[in-house]
Structures are given as C-alpha cells and as structure tokens.
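Starting from the two chains in their separate frames, assemble the complex, guided by the hints.
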Amino acid sequence: DVKVTQSSRYLVKRTGEKVFLECVQDMDHENMFWYRQDPGLGLRLIYFSYDVKMKEKGDIPEGYSVSREKKERFSLILESASTNQTSMYLCASSFTGTGDIYGYTFGSGTRLTVV
Amino acid sequence: QQQVKQSPQSLIVQKGGIPIINCAYENTAFDYFPWYQQFPGKGPALLIAIRPDVSEKKEGRFTISFNKSAKQFSLHIMDSQPGDSATYFCAASPHSGGGADGLTFGKGTHLIIQP
Numbered sequence: 037d038v039k040v041t042q043s044s045r046y047l048v049k050r051t052g053e054k055v056f057l058e059c060v061q062d063m064d065h066e067n068m069f070w071y072r073q074d075p076g077l078g079l080r081l082i083y084f085s086y087d088v089k090m091k092e093k094g095d096i097p098e099g100y101s102v103s104r105e106k107k108e109r110f111s112l113i114l115e116s117a118s119t120n121q122t123s124m125y126l127c128a129s130s131f132t133g134t135g136d137i138y139g140y141t142f143g144s145g146t147r148l149t150v151v
Numbered sequence: 024q025q026q027v028k029q030s031p032q033s034l035i036v037q038k039g040g041i042p043i044i045n046c047a048y049e050n051t052a053f054d055y056f057p058w059y060q061q062f063p064g065k066g067p068a069l070l071i072a073i074r075p076d077v078s079e080k081k082e083g084r085f086t087i088s089f090n091k092s093a094k095q096f097s098l099h100i101m102d103s104q105p106g107d108s109a110t111y112f113c114a115a116s117p118h119s120g121g122g123a124d125g126l127t128f129g130k131g132t133h134l135i136i137q138p
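First to last, the protein sequences are chains A and B.
So for the first sequence, the working numbering puts the first residue at 37; every next one is plus one.
So for the second sequence, the working numbering puts the first residue at 24; every next one is plus one.
Hints in this document: simulated from the structure, not taken from any laboratory.
Keep in mind that a hint or two might mislead.
Below, a list of computed lysine to aspartate or glutamate pairs in the DMTMM-like style, where the Cα atoms sit at most 20 angstroms apart [to be verified]: (1) 89/A to 66/A; (2) 89/A to 58/A; (3) 65/B to 74/A; (4) 65/B to 58/A; (5) 91/A to 105/A; (6) 80/B to 54/B; (7) 107/A to 58/A; (8) 39/A to 62/A; (9) 65/B to 62/A; (10) 65/B to 107/B; (11) 94/B to 49/B; (12) 28/B to 95/A; (13) 91/A to 115/A; (14) 94/B to 76/B; (15) 28/B to 74/A.
Isolated chain B (complex conformation) (with noise of 0.2 angstroms):
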C-alpha cells in the first residue's frame, strides 16, 4: 500500500497564528497532492491541490508547499480563525486530472483554532 504520513495527529493554534500540517509520501509516481477539509458530520471538500512542477500554490489563507526531492509537502494557514476548525487530510494520486485509481489519504489532523 502507498502511504502517505500525516502530521500532527491534532493542533491547537491561538486565532491569527499559522498551523501548519505536513505531509510525506513514498511513490515517486505521485503527481497530485491535494488537502481536503472536514467539518463535523460532513464530507471531505477539496481545498487546495498541487502538482510537483511548482513548488508552491496560494489560495486565500492557504497555501502549499511542496518539496520535490524531500517527498514532502505542506498546508499553512494564514491568520487563522476559528471557522478554521476542521479536520485536514492531505491526499496523493499518481494521476492528475482527477485520475480513476483513488486517492490515498493521511491519516488527518484535527484542528482547532482558539478565540
């Protein structure tokens, strides 16, 4: 099975500071690495994506980083809120595009942002 590792299992970040989840995988032939946000007694949502040709990606507070040659890759938040609060999966395909193989998940990290 191909794994990717997640870190921490669970974060607690004062509102305005930056979390920061990491994750590492094995395959080489991985080219798709998004994050998905959780909140409770809902599905994951695709957040944020990144292909290994950029070594990062911003969206809003958002951003990826990407190490190529480490295998590992990042989500930041910037100036957190507590609407932050949620579950954070990073994820990794050998396809992009949304290819048919599935995506493997990290394990997850909880987070919460305190007022």
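Isolated chain A, as found in the complex (with noise of 0.2 angstroms):
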C-alpha cells in the first residue's frame, strides 16, 4: 500500500514561531500536496510540486512556504506562526499517469495549535 507519513499527528506553536511540517510518501509519486482543513470550509489547497524542486501556489499560499529537495519529501513551511493557521494539515501525493483515474494518497494529518 502506499503510505504518505506526516511527521507529527499533534503540534502545539506559539505566535511568531517558525514551524516545520514534514511529509514522507514511499511510493515514488512525482505529485505532492498540502491541503489545509478546516470545518466547513473542506479542504483547501496550500501549495503542490510535480517535481523535485518545483512548486507551484494552491488557492491559500499566503503565510506558507514548501521545500521539496527530495522525490519522497515534501515540507511546509510556516514563516511566522499565527492563529489564524490553527488548522488541520493533510499531506497528499499522487502518480502522474494517462489514461486511468489515479486517486489522491492521503497522510493522516497535523493537527496544528497555534497559541
């Protein structure tokens, strides 16, 4: 089974901080998420890579950065803590395929407090 591992299930920050999300996938997908998840807002994408390196903004990057320096790995960033960015954070990696429906492999979350 693929398996998308995000470092840490709880996470408690205080305003200001810099804070690291990690997220491992072991399934050699080229595609890499961030969503965000909030209560009745759904999920809402922060940032995607389809490539080492690369990266490209979803619909809500501002406060956030990503790092991919590595196929399996796939960072966010956040620069300066806010509470506005107590949310729960969903890792997703994807296969690049053609022809067929590939679905979305999800990690089981960061649920992030900022305090």
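The following block contains the structure:
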C-alpha cells in the first residue's frame, strides 16, 4: 500500500514561531500536495509540487512556503505562525499517469494549534 | 477559484436507507470527479471516481451518477450501514489520470447512519 507519513499528529506552537511540517511518501509519486482542512470550509490547497525542487501555489499560499529537496519528501513551512493558521494539515501524493484514474493518497494529518 | 459546491452539509439516514450527496461544478475543463471518504482521525481516502464520458459508475454499494449537461454529480450509498458514517468529499480536477494541479474539493458532508 502507498503510505504517506506525516511526522507529527499534534503540534502546539507559539505565535511567531517558524514551524516545519514534514511529509514522506514511499511510492515514488511525482506529485505532492499540502492541504488544510477547516470545519465548514473543506480541504483547501496550499501548495503542490510535481517534481523535485518544483513548487506551485495553490488557492491559499499566503503565510506558507514549501520545500521539496527529495522526491519522497515535501515540507510545509509556516514562516511566522499565527493563530489563524490553527488547522488540520493534510499531505497527499499522486502518480501522474495517463488513461487511468489515480487517486490521491493522503496522510493522517497534523493538527496544529498556534497559541 | 474554481468551485465545487456540495450539499447537504450533514445528513442522517436510517440503516438500509440510501443517502444521496450532491455536487455541482462550474469549470467545464474538469474531467475527473472523485469522491473521498474520511473517518475521524484519518486522512481522506479515495472511494470512487468517474470521468465525464460515462453517466454512472458502481463499485459495490457506492454509485456515482454524472450529469454532464447540468454539471452535477452525486454519490449514492445503497443499503447503508453504520460503518458508512463518515465525512464525504466530492472533488474535481481538470486532469484525469492524476494530474499535478491539485483537486478542488467540496466542503464535505457529515453522514451519520443510524442503526
């Protein structure tokens, strides 16, 4: 089975801290994504990457950056955490195929609280 | 932002009933429509997906109905069971086959199947 592993299930950080959320996938997927999930708002795409060192902004990139130095690892960085970034963060990966429908595999999420 | 509108926000159905969750989209470039199922404490998992060249797809007790002209699609769960209680997300993407642009998700439906 494809596994997407997020390093922390729960994090509590202080306002202004620099926060790193790590995600690793073990199936050689080209594409990796970071979403945040909030009640009533569903899942919103923050950033995605389709190759090593490549990154693209999603719908809500403000206040975030990402890093993808290795194919299997995609990191989300909160440069200066704020309370409105308290959320569930979900990492996902996918394979770029043709002709068939491939799903996105999600990690179990990191619940971040900024105090 | 390309939207996917999902309804209802929450749904309670008796065991054996057929819950129906509806989604509508605007972007005619969307050509991949997956449904994800999320249990508490877990990331979303791909349940079933459809492309617009078919009007219906069944996998076990789960059926997607697709209406291309109306730009609507829906999920039906036959013979629903308490174990189907979860949050369901519809999504859409302009790329079939797992494109790198990221899925646009609906806001989710919290489904409860009562015994």
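Q) Which of the numbered hints are not met once you compare them with the structure shown? A) none
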